[in-house]
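Novice: These are the residues of each chain, in order.
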Amino acid sequence: MDVIWPTIPDFLVGTRNTLFYCLASFPIALVLGMFLALMDGSRIVWLHGPARIFIEVVRGTPILAQIFIIYYGLGALLGLINPSWALLINVWTAGIGTLALNYAAYEAEVYRAGFLSVEQGQAEAALSLGLSPSQNFFHIQLPQAIPLMIPPFVNDFIYLLKDSAIVSVIAGSDLTSVLNSYVRTHASNPLPFFLLAIVLYLVMSLPVSYVAKRLERRLRAAL
Amino acid sequence: MNPEQNHNRTVENASLQDLTPIEGDLIIRTEKLNKYFSDKHVLKDINFEVKRREVVALIGPSGSGKSTLIRCLNALEKASSGDIYINGEHLDPNLSVKQLSPIRRELGMVFQNFNLFPHMTVLQNVIEAPLLVRKMPKEQAHALGESLLAKVGLLEKRDIYPGRLSGGQKQRVAIARALAMQPRALLFDEPTSALDPELVGEVLKVMKDLAYEGSTMVVVTHEMQFARDVSDRVVFMSDGMIVEEGDPDDLFRHPKEKRTQLFLERVLSVLP
Ligand SMILES: Nc1ncnc2c1ncn2[C@@H]1O[C@H](COP(=O)(O)OP(=O)(O)OP(=O)(O)O)[C@@H](O)[C@H]1O
Ligand SMILES: [Mg+2]
Chain G
1 MDVIWPTIPD FLVGTRNTLF YCLASFPIAL VLGMFLALMD GSRIVWLHGP
51 ARIFIEVVRG TPILAQIFII YYGLGALLGL INPSWALLIN VWTAGIGTLA
101 LNYAAYEAEV YRAGFLSVEQ GQAEAALSLG LSPSQNFFHI QLPQAIPLMI
151 PPFVNDFIYL LKDSAIVSVI AGSDLTSVLN SYVRTHASNP LPFFLLAIVL
201 YLVMSLPVSY VAKRLERRLR AAL
Chain D
224 MNPEQNHNRT VENASLQDLT PIEGDLIIRT EKLNKYFSDK HVLKDINFEV
274 KRREVVALIG PSGSGKSTLI RCLNALEKAS SGDIYINGEH LDPNLSVKQL
324 SPIRRELGMV FQNFNLFPHM TVLQNVIEAP LLVRKMPKEQ AHALGESLLA
374 KVGLLEKRDI YPGRLSGGQK QRVAIARALA MQPRALLFDE PTSALDPELV
424 GEVLKVMKDL AYEGSTMVVV THEMQFARDV SDRVVFMSDG MIVEEGDPDD
474 LFRHPKEKRT QLFLERVLSV LP
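As they're listed, the protein sequences go chains G and D. Under our numbering, the first sequence has 128 at position 128, and the numbering climbs by one with no breaks. Under our numbering, the second sequence has 458 at position 235, and the numbering climbs by one with no breaks.
No lab work stands behind these hints, which were simulated from the structure alone. All residues carry an ideal CB built from backbone N, CA and C; glycine is no exception. Wrong hints could be hidden among the right ones.
Claimed, not checked - Simulated DEER-style distance windows between Cβ atoms:
id: 1; chain 1: G; residue 1: E56; chain 2: D; residue 2: F260; range: 45 to 51 angstroms
id: 2; chain 1: G; residue 1: L219; chain 2: D; residue 2: R489; range: 44 to 50 angstroms
id: 3; chain 1: G; residue 1: G60; chain 2: D; residue 2: S261; range: 30 to 36 angstroms
id: 4; chain 1: G; residue 1: I146; chain 2: D; residue 2: Q448; range: 40 to 46 angstroms
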């Protein structure tokens, strides 16, 4: 226990940083994901095609590779264009960017499934009443799809809390990065640090799980 | 057309309003309408007309193309060839959804499965389109919605969500919702087929009232008694074609075509 106490402030900072990565990247993922889903659902090939390719590439490649490509590859590329642009890519922007792009691909599928589960007849009723496509989208489709999408969004956020550990590979100063540094310096007995990190991850994810469960029950009761 | 001879509703309600369909005032007209689903020929050279104040019953065996026909009228299906005119306006298949909107509003659609908006109360269901599409002021829309709900006997359900209504009540709300856009004609696609038998009557009653008020209606139905009592004209479809049409009493009593006879024998065997 004695070795643990003095490290707790560092671990708390790591926890805060992990939360920051997640809270910054998830809203971006939700917005990007919606655009991706809209593009994917479009009949216009040059909207549909790129969206589909993006989703498949992101889902089909390891996030580890993605973060390296963005941190080193994109940084170098921007540096070639304009040396000062290379500074745009640091562990924070690369970490948040990777998580946001990665999760956008997954959230796009959640949107897609949500809109698909609104009955076809709803759009027919709306259009036959003379509603425009955007009125149909905002007044009929979206309000029915959102309650269906909330549980999977919350679930994905829990996955993101764990997946955000990936930023430790570029020393992103998140909870896992802090853990790594202590494991390295206490190689003979790293177990307490692992336990501490696990507890802190659970402290973040359990409340979210709890809220998700309750939301799901409420939404199911409303149907 | 001689009103005395051919429809009961004129005779019963002559005092209310003249219900004779107006010659030459065509709300709906199709010319050589064809529809294919991939290579399946579902509508074959359909020439179909509905006059103002006319009530047309569309009958025929399953798969004959009745739904497809009325869905084409509302551009829910795209015609493959031929022309559709709604109140004289050409329903061009190349129009965008936005351009279609003003033509679509001319026809109110009532679906077999109601398709009420589950996230809105009964009143909101009825006034959503007047508010959004006709840009009606809120108070006026509320008054309109309430009067229509009163008309279908559901004013006391105004603040309830559709999920808590019976099938018959849902369909009556759907009718009120269609009426709220003050369409020139109402299209019904088997409005009572999804209902428990004991709930059919309340919906038919509302439709009968509309007919007696002089509404223009096209009703796809398996309710032969309703077709006989309420419609001005029965159109029998089979295999994507209009096989026979005419005055309900004539058509039910003396069908000319073999296919009509067979169909009527089958469905009327359950009637007195
Ligand atoms: N979206 C579609 N895609 C392919 N085929 C279709 C589609 N909609 C209808 N059809 C086919 O078109 C034909 C006519 O169907 P339609 O629904 O118009 O018949 P109906 O007369 O309304 O029958 P019912 O009394 O069963 O409702 C049927 O053979 C049906 O299988
Ligand atoms: Mg049908």
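Novice: Does each hint fit the structure? Answer for all of them.
Specialist: A quick look at each hint next to the structure:
1. E56(G) with F260(D): 45 to 51 angstroms: Violated - the Cβ-Cβ distance for E56(G) and F260(D), about 31 angstroms, lies outside 45 to 51 angstroms.
2. L219(G) with R489(D): 44 to 50 angstroms: Holds - the Cβ-Cβ distance for L219(G) and R489(D), about 46 angstroms, lies within 44 to 50 angstroms.
3. G60(G) with S261(D): 30 to 36 angstroms: holds (33 angstroms)
4. I146(G) with Q448(D): 40 to 46 angstroms: holds (44 angstroms)
Violation of the numbered hints given earlier is confined to hint 1; every other hint is satisfied by the structure.
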